[in-house]
Amino acid sequence: MIRLILRDLALAVRAGGGFGLGLAFFLIVTVLVPFGVGPETARLAPIAPGVLWIAALLACLLSLDRIFAIDREDGALDLLATAPVPLEGVTLAKAAAHWLTTGLPLSLAAAPLGVLLGMPWPGHLWLTVSLLVGTPALSLIGAFGAALTVGLKRGGLLMSLLVLPLYIPTLVFGADVARRGADGLDPGTPLALLGAVTLGCVAGLPFAAAAALRTSLR
Amino acid sequence: MPSIWTFANPTRFMAVTQRLVPAFGGLAALCLIGGLIWGFFFTPDDYRQGATVKIIYLHVPAAFLAINAWFMMLVASLIWLIRRHHVSALAARAAAPIGVTMTLIALVTGAVWGQPMWGTWWAWDPRLTSFLILFLFYLGYISLWGAIDDPDTAADLTSVLCLVGSVFAVLSRYAVNFWNQGLHQGASLSLDAEENVADVFYYPLLVCLAGFLALFVALVLLRTRTEIRARRLHVLRLRERMADA
Amino acid sequence: MRLEARGLTVGRGGLPVLADLSFAVEAGHALILRGPNGSGKTTLLRTLAGLQRAYAGEVSPGSDAIAYGGHRDGMKGQLTVAENLSFWARLHGLRDITPALRAFALERLDDRQAQHLSAGQARRLGLARLLVTGRPIWCLDEPTVSLDAENTGRFADMVRAHLGDGGIAVIATHIDLGLQGDTLDVQRFRATLEAFG
Numbered sequence: 001m002i003r004l005i006l007r008d009l010a011l012a013v014r015a016g017g018g019f020g021l022g023l024a025f026f027l028i029v030t031v032l033v034p035f036g037v038g039p040e041t042a043r044l045a046p047i048a049p050g051v052l053w054i055a056a057l058l059a060c061l062l063s064l065d066r067i068f069a070i071d072r073e074d075g076a077l078d079l080l081a082t083a084p085v086p087l088e089g090v091t092l093a094k095a096a097a098h099w100l101t102t103g104l105p106l107s108l109a110a111a112p113l114g115v116l117l118g119m120p121w122p123g124h125l126w127l128t129v130s131l132l133v134g135t136p137a138l139s140l141i142g143a144f145g146a147a148l149t150v151g152l153k154r155g156g157l158l159m160s161l162l163v164l165p166l167y168i169p170t171l172v173f174g175a176d177v178a179r180r181g182a183d184g185l186d187p188g189t190p191l192a193l194l195g196a197v198t199l200g201c202v203a204g205l206p207f208a209a210a211a212a213l214r215t216s217l218r
Numbered sequence: 001m002p003s004i005w006t007f008a009n010p011t012r013f014m015a016v017t018q019r020l021v022p023a024f025g026g027l028a029a030l031c032l033i034g035g036l037i038w039g040f041f042f043t044p045d046d047y048r049q050g051a052t053v054k055i056i057y058l059h060v061p062a063a064f065l066a067i068n069a070w071f072m073m074l075v076a077s078l079i080w081l082i083r084r085h086h087v088s089a090l091a092a093r094a095a096a097p098i099g100v101t102m103t104l105i106a107l108v109t110g111a112v113w114g115q116p117m118w119g120t121w122w123a124w125d126p127r128l129t130s131f132l133i134l135f136l137f138y139l140g141y142i143s144l145w146g147a148i149d150d151p152d153t154a155a156d157l158t159s160v161l162c163l164v165g166s167v168f169a170v171l172s173r174y175a176v177n178f179w180n181q182g183l184h185q186g187a188s189l190s191l192d193a194e195e196n197v198a199d200v201f202y203y204p205l206l207v208c209l210a211g212f213l214a215l216f217v218a219l220v221l222l223r224t225r226t227e228i229r230a231r232r233l234h235v236l237r238l239r240e241r242m243a244d245a
Numbered sequence: 001m002r003l004e005a006r007g008l009t010v011g012r013g014g015l016p017v018l019a020d021l022s023f024a025v026e027a028g029h030a031l032i033l034r035g036p037n038g039s040g041k042t043t044l045l046r047t048l049a050g051l052q053r054a055y056a057g058e059v060s061p062g063s064d065a066i067a068y069g070g071h072r073d074g075m076k077g078q079l080t081v082a083e084n085l086s087f088w089a090r091l092h093g094l095r096d097i098t099p100a101l102r103a104f105a106l107e108r109l110d111d112r113q114a115q116h117l118s119a120g121q122a123r124r125l126g127l128a129r130l131l132v133t134g135r136p137i138w139c140l141d142e143p144t145v146s147l148d149a150e151n152t153g154r155f156a157d158m159v160r161a162h163l164g165d166g167g168i169a170v171i172a173t174h175i176d177l178g179l180q181g182d183t184l185d186v187q188r189f190r191a192t193l194e195a196f197g
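Top to bottom, those sequences are chains A, B and C.
With full-length UniProt numbering, letter number 129 in the first sequence gets 129, and the count goes up by one each step, no holes.
With full-length UniProt numbering, letter number 45 in the second sequence gets 45, and the count goes up by one each step, no holes.
With full-length UniProt numbering, letter number 145 in the third sequence gets 145, and the count goes up by one each step, no holes.
A hint or two may mislead.
[Unchecked claim] Below, computed lysine to any residue pairings styled on SDA-like, alpha-carbon distance capped at 25 angstroms:
{"id": "1", "chain 1": "A", "residue 1": "153", "chain 2": "B", "residue 2": "230"}
{"id": "2", "chain 1": "A", "residue 1": "153", "chain 2": "B", "residue 2": "153"}
{"id": "3", "chain 1": "A", "residue 1": "153", "chain 2": "B", "residue 2": "54"}
{"id": "4", "chain 1": "A", "residue 1": "153", "chain 2": "C", "residue 2": "14"}
{"id": "5", "chain 1": "A", "residue 1": "153", "chain 2": "C", "residue 2": "42"}
{"id": "6", "chain 1": "A", "residue 1": "153", "chain 2": "B", "residue 2": "142"}
{"id": "7", "chain 1": "A", "residue 1": "153", "chain 2": "C", "residue 2": "52"}
{"id": "8", "chain 1": "A", "residue 1": "153", "chain 2": "C", "residue 2": "72"}
{"id": "9", "chain 1": "A", "residue 1": "153", "chain 2": "B", "residue 2": "151"}
{"id": "10", "chain 1": "A", "residue 1": "153", "chain 2": "C", "residue 2": "37"}
{"id": "11", "chain 1": "A", "residue 1": "153", "chain 2": "C", "residue 2": "4"}
{"id": "12", "chain 1": "B", "residue 1": "54", "chain 2": "B", "residue 2": "34"}
{"id": "13", "chain 1": "A", "residue 1": "153", "chain 2": "A", "residue 2": "74"}
The set of hints was computed from the structure by calculation and includes no laboratory data.
In this text the structure is predicted, and so the values were computed from the model without any measurement.
Starting from the given sequences, assemble the full structure and let the hints guide the process.
Listed below in structure tokens is the structure:
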């Protein structure tokens with residue numbers, strides 16, 4: 001499984017784009033927000049945590065369909081399914097690689113973008129923390145969605161439709177952590193709940209995703 | 001006594017439901033016509049809400065079924081995954097469009113009710129929001145059914161989605177509660193008497209609820225029958241193609 | 001070691017393709033599958049490999065003993081030949097990839113990215129993967145596509161060496177590889193209307 005993560009990381013680095021595109025998308029969406037709602041800090045600052053969370057979530061969504069689709073196209077998924085590793089482990093490794101190439105860089109890039117939107121100081125810290133805790137859940141849910149739609153010809157749009165409603169709890173708790181942090185309140189409760197969602201996803205979703213993959217491969 | 005699983009045999013199912021569909025359909029018509037007339041014309045106006053309160057005869061049963069249709073799909077999906085009865089998968093598929101319609105009715109009647117009561121068509125109240133989220137889950141489920149050609153694969157994948165979706169639907173419900181404490185009135189129907197609406201509204205509401213339930217059962221059975229027929233047609237076509245080849 | 005199928009029915013999309021198929025392959029032997037395109041060779045091989053569920057019947061041993069090689073060999077263009085091979089080797093618990101490289105004359109290409117290989121070289125790399133799985137039974141689907149005569153010969157040698165070590169191979173192919181073993185014409189087992197239920 002470590003091997004699989006390393007392989008996916010090597011592929012992402014060598015193919016280029018993997019890191020870059022998601023981050024660039026995140027930056028562009030954030031830059032577009034002031035054009036839409038106006039440049040006043042008084043207006044931007046209160047919505048900054050939510051906007052950044054939604055932008056990060058969409059940036060995460062962009063690269064989801066690549067999780068399994070490429071391996072499916074070149075036959076590697078068949079070979080992985082016949083290899084002596086459980087498919088649950090494969091999905092977990094795939095989600096981990098996805099997180100390392102999207103969720104992690106997005107979390108780190110969020111704080112500077114928070115400055116752009118005029119977030120008050122402790123907010124940056126909590127935004128980054130909430131993204132670090134929450135984005136693994138996004139990758140896992142995404143891997144599940146990708147496993148459901150991997151056999152379909154135009155699965156990308158359908159996958160967004162399936163995955164986005166599943167993102168609601170993560171978004172609610174994650175954005176709340178960042179918001180409370182920015183308002184100087186104690187973000188402990190939503191952070192604990194966010195962590196619980198992520199851990200629940202780690203514990204349960206690889207099984208669901210593997211079941212979906214087995215069916216899709218038939 | 002025959003086991004309940006004997007009805008999972010499509011032929012048996014078709015034979016039994018042939019008589020059940022008109023029975024439930026008739027019951028639904030009776031209850032709905034009776035209950036709605038009773039509720040609309042023979043109950044007093046609420047002292048606070050006036051005549052607008054009467055929308056509960058549509059709103060509450062629709063909301064009740066919106067949730068329970070999903071619950072039925074969850075049970076049917078589990079039965080499909082565990083015992084692999086085709087009727088079960090088809091019933092889950094059949095229930096989804098009815099569930100989404102009920103969710104839509106609940107949302108629209110809720111908006112119509114909310115306008116005079118809260119002065120707004122839409123508020124991000126936890127319960128309204130939960131129904132909106134449920135609506136999205138239904139849409140995803142139905143789209144996934146539509147996107148996959150092979151019926152068994154579609155049944156497997158949608159069942160897994162239904163299971164995972166159920167967990168996330170409950171999670172979303174709590175998340176939304178956490179996110180915004182609402183202005184919705186308490187549950188209209190509960191065993192807890194103080195929460196309940198007054199008896200004079202309660203009995204016609206029960207009749208309407210029974211009517212909606214019967215309508216739901218009749219529609220699900222009817223749609224399942226259609227799905228079974230469609231599946232048989234598909235099989236016949238395949239046979240024909242094999243015979244030609 | 002012996003590969004045995006009893007009363008096997010395989011299919012796709014709820015439709016049986018081959019029905020009531022029985023065969024046995026002894027260690028050191030190959031089974032060549034023949035039949036026109038679309039006759040069910042791929043479906044049979046995927047079922048043997050455990051990628052699809054059999055509609056009826058059983059196969060022994062289970063798919064843990066079987067290495068599957070499909071039309072597409074799952075090699076990543078951005079990784080080098082050695083990286084590709086060692087990934088699959090480690091996944092199967094092996095470390096040494098030099099025998100596999102040598103068997104297909106890939107030693108001198110080992111640090112070249114797979115995307116810069118010619119079609120024949122890429123195919124050889126895909127087949128070299130079979131050696132690093134360490135599994136006794138190979139299920140191969142049209143393995144000689146895009147191989148020239150020389151490489152086809154090399155492939156036949158590799159299969160022969162594998163059989164000589166007591167291995168088993170089930171190969172769907174149109175050409176004569178000169179291997180020891182039986183030929184199975186899958187046409188004979190085409191699912192009939194009765195099997196369809």
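Now the hints, each set against the structure:
no., hint, result
1, A:153 with B:230, "holds (24 angstroms)"
2, A:153 with B:153, "holds (15 angstroms)"
3, A:153 with B:54, "violated (48 angstroms)"
4, A:153 with C:14, "holds (20 angstroms)"
5, A:153 with C:42, "holds (21 angstroms)"
6, A:153 with B:142, "holds (17 angstroms)"
7, A:153 with C:52, "holds (20 angstroms)"
8, A:153 with C:72, "holds (18 angstroms)"
9, A:153 with B:151, "holds (16 angstroms)"
10, A:153 with C:37, "holds (23 angstroms)"
11, A:153 with C:4, "violated (36 angstroms)"
12, B:54 with B:34, "holds (14 angstroms)"
13, A:153 with A:74, "holds (15 angstroms)"
In summary, the structure is inconsistent with hints 3 and 11 from the numbered list given earlier, while agreeing with the others.
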